[in-house]
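Listed here are the chains, written in short residue letters.
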Amino acid sequence: MKMPEPDADVIARRAGIARALGEIVPGEGVIEDRAALRAYESDGLTAYRQPPMIAVLPDTVAQVSAILRYCHENGIKVVPRGAGTSLSGGALPLADGVLLGLGKFNRVLDIDYANRCAVVQPGVANLAISQAVEAAGFYYAPDPSSQIACSIGGNVAENAGGVHCLKYGLTANNLLGVQLVLMEGEVVRIGGRHLDSAGYDLLGVVTGSEGLLGVITEVTVRILPRPPSARAALVGFPSAEAAGDCVAGVIAAGIVPGGMEMMDNPAINAAEDFVAAGYPRDAAALLIVELDGPEVEVDHLVDRVAGIARDFGATSIRVSEDENEREKFWAGRKSAFPAVGRISPDYYCMDGTIPRRRLPEVLGRMSAMSDEFGLRVANVFHAGDGNLHPLILYDANNPGELERAEAFGEAILRLCVEVGGVLTGEHGVGVEKRDLMGTMFSDEDLKQQQRLKCAFDPEQLLNPGKVFPVLHRCAELGRVHVRGGQTRFADIPRF
Amino acid sequence: METLRPTTESETIEAVGWACGGERALEIVSGGTKRGLGGPADAAAGLDLSGLAGISLYEPEELVLTAKPGTTLAEIDARLAQHGQTLAFEPPDLGPLLGAGPGLGTLGGCIAANLSGPRRFKAGAARDHFLGVRAVSGRGELFKSGGRVVKNVTGYDLCKLLAGSWGTLAAMTEITVKVLPAAEKVRTVLVYGLDDEAAIGAMTRALGGAFEVSGAAHLPAGMAALSEVGRVREPGSPVTALRVEGPEPSVLARTESVRALFGDGHEIDELHGRNSGAFWREVGEARFHAASPEEIVWRLSVPPAEGAAVARRIAGELEARAFYDWGGGLIWLALPPGTEDAGAETVRRALDPAGGHATLIRAPEEIRRRVPVFHPQPAGLAALNERVKRAFDPRGILNPGRMDGRG
Numbered sequence: 001m002k003m004p005e006p007d008a009d010v011i012a013r014r015a016g017i018a019r020a021l022g023e024i025v026p027g028e029g030v031i032e033d034r035a036a037l038r039a040y041e042s043d044g045l046t047a048y049r050q051p052p053m054i055a056v057l058p059d060t061v062a063q064v065s066a067i068l069r070y071c072h073e074n075g076i077k078v079v080p081r082g083a084g085t086s087l088s089g090g091a092l093p094l095a096d097g098v099l100l101g102l103g104k105f106n107r108v109l110d111i112d113y114a115n116r117c118a119v120v121q122p123g124v125a126n127l128a129i130s131q132a133v134e135a136a137g138f139y140y141a142p143d144p145s146s147q148i149a150c151s152i153g154g155n156v157a158e159n160a161g162g163v164h165c166l167k168y169g170l171t172a173n174n175l176l177g178v179q180l181v182l183m184e185g186e187v188v189r190i191g192g193r194h195l196d197s198a199g200y201d202l203l204g205v206v207t208g209s210e211g212l213l214g215v216i217t218e219v220t221v222r223i224l225p226r227p228p229s230a231r232a233a234l235v236g237f238p239s240a241e242a243a244g245d246c247v248a249g250v251i252a253a254g255i256v257p258g259g260m261e262m263m264d265n266p267a268i269n270a271a272e273d274f275v276a277a278g279y280p281r282d283a284a285a286l287l288i289v290e291l292d293g294p295e296v297e298v299d300h301l302v303d304r305v306a307g308i309a310r311d312f313g314a315t316s317i318r319v320s321e322d323e324n325e326r327e328k329f330w331a332g333r334k335s336a337f338p339a340v341g342r343i344s345p346d347y348y349c350m351d352g353t354i355p356r357r358r359l360p361e362v363l364g365r366m367s368a369m370s371d372e373f374g375l376r377v378a379n380v381f382h383a384g385d386g387n388l389h390p391l392i393l394y395d396a397n398n399p400g401e402l403e404r405a406e407a408f409g410e411a412i413l414r415l416c417v418e419v420g421g422v423l424t425g426e427h428g429v430g431v432e433k434r435d436l437m438g439t440m441f442s443d444e445d446l447k448q449q450q451r452l453k454c455a456f457d458p459e460q461l462l463n464p465g466k467v468f469p470v471l472h473r474c475a476e477l478g479r480v481h482v483r484g485g486q487t488r489f490a491d492i493p494r495f
Numbered sequence: 001m002e003t004l005r006p007t008t009e010s011e012t013i014e015a016v017g018w019a020c021g022g023e024r025a026l027e028i029v030s031g032g033t034k035r036g037l038g039g040p041a042d043a044a045a046g047l048d049l050s051g052l053a054g055i056s057l058y059e060p061e062e063l064v065l066t067a068k069p070g071t072t073l074a075e076i077d078a079r080l081a082q083h084g085q086t087l088a089f090e091p092p093d094l095g096p097l098l099g100a101g102p103g104l105g106t107l108g109g110c111i112a113a114n115l116s117g118p119r120r121f122k123a124g125a126a127r128d129h130f131l132g133v134r135a136v137s138g139r140g141e142l143f144k145s146g147g148r149v150v151k152n153v154t155g156y157d158l159c160k161l162l163a164g165s166w167g168t169l170a171a172m173t174e175i176t177v178k179v180l181p182a183a184e185k186v187r188t189v190l191v192y193g194l195d196d197e198a199a200i201g202a203m204t205r206a207l208g209g210a211f212e213v214s215g216a217a218h219l220p221a222g223m224a225a226l227s228e229v230g231r232v233r234e235p236g237s238p239v240t241a242l243r244v245e246g247p248e249p250s251v252l253a254r255t256e257s258v259r260a261l262f263g264d265g266h267e268i269d270e271l272h273g274r275n276s277g278a279f280w281r282e283v284g285e286a287r288f289h290a291a292s293p294e295e296i297v298w299r300l301s302v303p304p305a306e307g308a309a310v311a312r313r314i315a316g317e318l319e320a321r322a323f324y325d326w327g328g329g330l331i332w333l334a335l336p337p338g339t340e341d342a343g344a345e346t347v348r349r350a351l352d353p354a355g356g357h358a359t360l361i362r363a364p365e366e367i368r369r370r371v372p373v374f375h376p377q378p379a380g381l382a383a384l385n386e387r388v389k390r391a392f393d394p395r396g397i398l399n400p401g402r403m404d405g406r407g
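Heads up: the sequence lines are chains A and B, in that order. In terms of our numbering, the first sequence opens at residue 1 and continues consecutively. In terms of our numbering, the second sequence opens at residue 1 and continues consecutively.
The hints are simulated quantities; they were obtained by calculation from the structure and are not laboratory data. Among the hints, a few may not be true.
To be verified - Cut-off 30 Å, straight-line C-alpha distance, at most; resulting in silico cross-link-like pairs (BS3-like, lysine-lysine): (1) A/K104 <-> A/K334; (2) A/K167 <-> B/K122; (3) A/K334 <-> B/K122; (4) A/K2 <-> A/K447; (5) B/K185 <-> B/K122; (6) A/K167 <-> A/K334; (7) A/K167 <-> B/K185; (8) A/K167 <-> A/K328.
Stated by the list, open to error - If you want the ones that stay clear, here's a sample from chain A, every Cβ over 10 Å from chain B, calculated: (9) M1; (10) E32; (11) R34; (12) P51; (13) A66; (14) G103; (15) F274; (16) R318; (17) K334; (18) G364; (19) P464.
All residues carry an ideal CB built from backbone N, CA and C; glycine is no exception.
Model the full structure from these sequences, guided by the hints.
Next comes the structure, spelled out in structure tokens:
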């Protein structure tokens, strides 16, 4: 992984930059002590580490604006950071960059039940939003598995998903507005408490832009009335094919469950060893199908799902009878990552999405790759929307194993793209999948994306080295190459 | 004006490349039903995408459909209906409202305008169902974004940007959308006699409870009188409508719960399947304003609980006829013909206290030349929009003028 070459001139100005930032954020808001900077050297993708040149922790929008304007005027790169839970290295610092931490923006500003929205600062944790509106019977729907820790600003930057996004959508579908500070220091407000946009849908394109377009300083999310009941069915299958067919069968029957998760045999056994959730250890694949809504609807649909599962050859079916049991069913799935962590010193989590019906083929080829690379793999899978999370098991202490795990991961992602899927369903490109972007996109596709970047950040100072494998200068990207501009094309029908 | 009508993607690339090279402005159309919406385009030539038509991929179990932009929504609806599926954002046919006739709208036009119907607040807008695109930028270059799977965060989501860009950023050549199972059962609870404020309050209560209401509209008496549906038209009083959809046992139970919200002292009725379908279609398509084609029509998106207050501010200054969708969050407003500058200043000032935006949906061309059709934005945001436009169309050849200053 190569990051942009650090600028020695900028690094030489480090003390002066720290002083200037200290004038903007007085007190303890600027960190330049090298030991203290280690706290920011990586995010959830711990394979990559790089302490920032300086970290700055503002607590007002005016400070964020002044920091960005200063950095823009002085040609200094900036990496924004929320809670630092990114699994793709989105918040990996730069040796010649300022790390802009938004942890102090941690207040819920307004809860507006009549308009069913909440206005929060970006450092508020995802789950804290649901907790803030819980007493009134509301919640915030997207629920990434790191929801206790991950910040809503980071969720917007990464367009975070979660178990329930099959029915309730990703962050993008649950967002009404943001306040955004551009790299030149300008503060803009996009959206509000109403729906849709007056101009271009900048809210939509900022969501999932991985901190490359602006720094989010305020977020307005939609909140929903909490469904009155939920039940989960735990269904074992003798093969991944049968489980995959069952998923298709549920969808074809017109049912969109709140969540529909799959685990393969290695993941089932790792989870069972860890939390004893009562999973069928001999099943080749396990489905957890959760129905939520009014009680009468949930009871009706859970019966239909059980019937469909039997038709597709389920070997075991259990339906939760109370909240305790439902939570127990989920306990295994939710602890799948740490459970796998117990059976292997290290694991590498992938995040490709595939068209669901290609699942048996993809699992089969992944199993062959496992032999080829000599590394085990366990699979958990958001089955409803085709989002795979293969966990590659390795031991970083064995020379060459990390590199082999990365090569295996790359092969899996190439396979996802080959069958019509994508590199990342919810974790983001970051630095991790940056160099694979060419498998999905042509140079022209990527150049058009970078032209958008130039509209927000013409000097490309905000989070450079992420998402795009090759950085082009904005002036070069803006040039129009006219091809055949003066000729008329006789073969196009004209009227 | 000469019109180019490509039938393939490569012809589309050639056509836009020709326009870019010669700096000739193009007016992009597909079904042409919304040509009267937006700033008048000052174009040297037309680019008619209706020749790029047809469904190229439909996999019901994968909930995905790919089609070319000129494919009519009627064709797509018919195909989806064979598998009990639908476009959950309920694309409205604005043809009749805009005087272009029904049934002509295309997928490309619907996405380019980011149109969505009464289910918007629950199921999302067109942009929320738009998974992938192939398009030709104003540079005459083909690019793609997104994919054919629902869950995808690979690269910037340029689909979001193209949805609602009214053809000012790129000419789309292929569109992939998410499709969903159609509801098994539909009921609409009608509550009669509420004034605007009380109706907004009732809709807010219903949407704040766990009833999964998927449509919430209010018609003052004068609007209800224009409905095709007898139970809405005949009582001669205001009608507040709440839609419940889903599996049958759930719909029956929730319908009862919604009715119970109102207790005694309210006259209540229900619409079942066919009437429900007809009613929500006329709400989504603002058919109540289609009958008087010379009136000026505005569409306002506001914080839903503010709907009645916004309409009241406007009615204090202008002779306005309005009805509400999206639980109060969408106001369809009609003003008499000849209202000076289409009442733009009054309408837009009414939004200031709570935020939102107002789009001039129908007005004579002469007014649309003077009055911004899309809500003017603060200077910083407007400048950012302009830079985004140039990132896709540096020479300003795609639909110039359509989105006002941004065109």
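How the hints compare with the structure:
no.: 1; hint: A/K104 <-> A/K334; verdict: 29 Å, holds
no.: 2; hint: A/K167 <-> B/K122; verdict: 11 Å, holds
no.: 3; hint: A/K334 <-> B/K122; verdict: 27 Å, holds
no.: 4; hint: A/K2 <-> A/K447; verdict: 20 Å, holds
no.: 5; hint: B/K185 <-> B/K122; verdict: 17 Å, holds
no.: 6; hint: A/K167 <-> A/K334; verdict: 18 Å, holds
no.: 7; hint: A/K167 <-> B/K185; verdict: 18 Å, holds
no.: 8; hint: A/K167 <-> A/K328; verdict: 22 Å, holds
no.: 9; hint: M1; verdict: 18 Å, holds
no.: 10; hint: E32; verdict: 32 Å, holds
no.: 11; hint: R34; verdict: 34 Å, holds
no.: 12; hint: P51; verdict: 27 Å, holds
no.: 13; hint: A66; verdict: 16 Å, holds
no.: 14; hint: G103; verdict: 23 Å, holds
no.: 15; hint: F274; verdict: 26 Å, holds
no.: 16; hint: R318; verdict: 22 Å, holds
no.: 17; hint: K334; verdict: 18 Å, holds
no.: 18; hint: G364; verdict: 19 Å, holds
no.: 19; hint: P464; verdict: 15 Å, holds
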